[in-house]
Every structure is written in C-alpha cells, then in structure tokens.
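Engineer: Below are the chains, spelled out letter by letter.
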Amino acid sequence: MKARVLVTLKSAVLDPQGKAIEGALRSLGVPGVASVRQGKVFDVELDGGDSAKAEATLKEACEKLLANTVIETYRIEFVG
Amino acid sequence: MKAAVLLFPGSNREGDVARALKHVTGVEPAIVWHAETALPAGTDLVVLPGGFSYGDYLRCGAIAARAAIMEAVRAHAARGGLVLGICNGFQILCESGLLPGVLVRNARLRFICREALLKVERIDTPFTRRYAKGAVVRFPVAHGEGNYTADAETLARLEGEGRVAFRYVMADGKRDDTQVLNGAANSIAGILSEKLNVLGLMPHPENHVDPLVGPTDGRALFESIAGMLEKA
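Line order of the protein sequences matches chains A and B. To convert, note that position 38 of the first sequence is 37 in numbering that gives the first Met the number 0; the numbers rise steadily by one, no gaps. To convert, note that position 200 of the second sequence is 199 in numbering that gives the first Met the number 0; the numbers rise steadily by one, no gaps.
Note that these hints are calculated values from the structure, not bench results. Each residue gets a CB set at the ideal place from its N, CA and C atoms; glycine is no exception.
In silico DSBU-like links for lysine-lysine, alpha-carbon gap of 35 Å or less:
#, chain 1, residue 1, chain 2, residue 2
1, B, Lys118, B, Lys1
2, B, Lys194, A, Lys9
3, A, Lys9, B, Lys173
4, B, Lys194, A, Lys58
5, A, Lys18, B, Lys118
6, A, Lys9, A, Lys39
7, A, Lys63, B, Lys194
8, A, Lys1, A, Lys58
9, B, Lys173, A, Lys18
10, A, Lys9, B, Lys118
11, B, Lys21, B, Lys132
12, B, Lys132, B, Lys173
13, B, Lys1, A, Lys63
14, A, Lys18, A, Lys39
15, A, Lys18, A, Lys58
These stretches of chain B come out as covered by chain A in the derived footprint (C-beta under 8 Å, 3 or more residues):
#, segment
16, 51-61
17, 144-153
Start from the sequences and build out the full structure, keeping to the hints where you can.
Structural biologist: Structure (structure tokens):
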C-alpha cells in the first residue's frame, strides 16, 4: 500500500523560504502568484493492505517524527 | 562533578565543549555515543553539543531527539539532573520536548556566524549564578536555524515564569525585538525548563573560555555549573 504524507507549516507560522520563492517567481515574471508556502512530501510504502491500520501507523509516524506539531500540520493521502 | 557530552552522527562541537569543561572545571567529561541506553553512573551534567546531527535532515535536531540515549537524558532531567544544550543541542532539546517551542530558519534566511551580545536575564539558576546581575555578555553564534518560535501561550508562560535565560540585545544593552539577528521571538537566545535544570541556548559559551583566543564571557557559565555541583 502506498501513501503520501504532506507536512506544511501552520498558517500562523512565518515561512521565510516560501516568501523567498514567492519573490523569485515574481521577479521571473510568472504571473498571478498570490503567495507560496513551502512544505514537505513523504511517499511511504506500507506492509499489508489494511487501510485503517495503515492510517494509524502513518499518524503515529507523523506525531512521533515526520511533523513537529508545534509549527506544522500533516495530511495523509492514500495513492493508487 | 561528572559530566557527559553526547555524540550524535554529525555533532561537531563535542571536542570544544569537552575542552571548555576541562579548562574551566578541571574535569574531563565522558563522551557518550547516541546509541547508548544509559549515562555513565553518577553523571551530574549532560551536554548536547553543537553541530549538524544527522545533517539537519527532516528538521534540525529531529532525528537526534529520538536517539536511544535521549530516554536516559529525559530520566536524568526528570530527576533534576542538569542538562545543557548548545546550538544544535538546543534544537535537539526542543525537538525532544525537554524544552518548549522550536528553532526555525533565521528570518533573513542567512547562516549567521558572528559574535552576539546577550543579556543574562537571571542569575539564580544553576547555569548563571556566577554572572553579575543584569550582565551583558558576548558569545559567538553560528547557526542557520536559530529563530526561536513558540505559540503565544507558550511565550507568555516562559515570560511569566521567568524562564528566558539569555536574550539578544543591541549595543546599548537593550532588546529590540524588531532587529533580532535571527528573528527570534521576544529576542530569546536561551530558555530554561520549568525546574531550571535544563538550559538550551543558540550561542556558544564554550568558544569564549580561554583568553588565548579572545573574550572569556563563557567561563562563568561552566563555573556556575561546577560550583553548583560542588555545593550539592
């Protein structure tokens, strides 16, 4: 089973990297970019096919390591 | 006094802090590998040195914070044992939950390597008792992620409980939260745990202990710890 975990900064947290990318896009003349926030993507392959169990495993992975919930939130998506 | 300096893959200041401890207190600390599950018997002080543990992968200090030895450090801190985290060590302490908040990218995205002016906010702690009240000291900083961040509630609690140990200040000795070198909330350079036995700070007191290489403002921090433990 394959899953994708998306970790992003909470909206209240300043994202200087996103801001720099936003500025770079603007200076490149890419039109219509209102704002950019940078995040992380983890593609995880899981043993077994039980999706409830997989979700619990990924949740544990996020809480314990993948995300720092002081500043970040996470989203779990199953792919394919 | 028995001290242990932890060593993670990618730590690179363990030698400097060990030398500073030896230089100031006369006692050579043990170097403890991260995969160990126990600290040497009778350890009074645990130091988490600076560096780039695990190459700063994922988040600074995130992987080191989950190392086997950290369970022993947690137990040591819970018993009231002293823990000092410098730079990457501070990041590890925040990631492990031993200190609140988190250190994120410097506000202006630059790695900052220079001397910083710091105000010693209180001198009734195990780490600062040899400083003069209200002292302003010079420690070097060298970090890309030293921008201390926490939610408003946590900041209010830290301030209310007087748990800010060191604050960045301007040349006049006053803080200016709009001009902090790395963008840290409330100009915070270092914070203490609730029981004041865990200190994390971004600047490097271990760099300034020997007159041969410059100022010696860091000495009093190590003298404070040693004096505290002698008394105990």
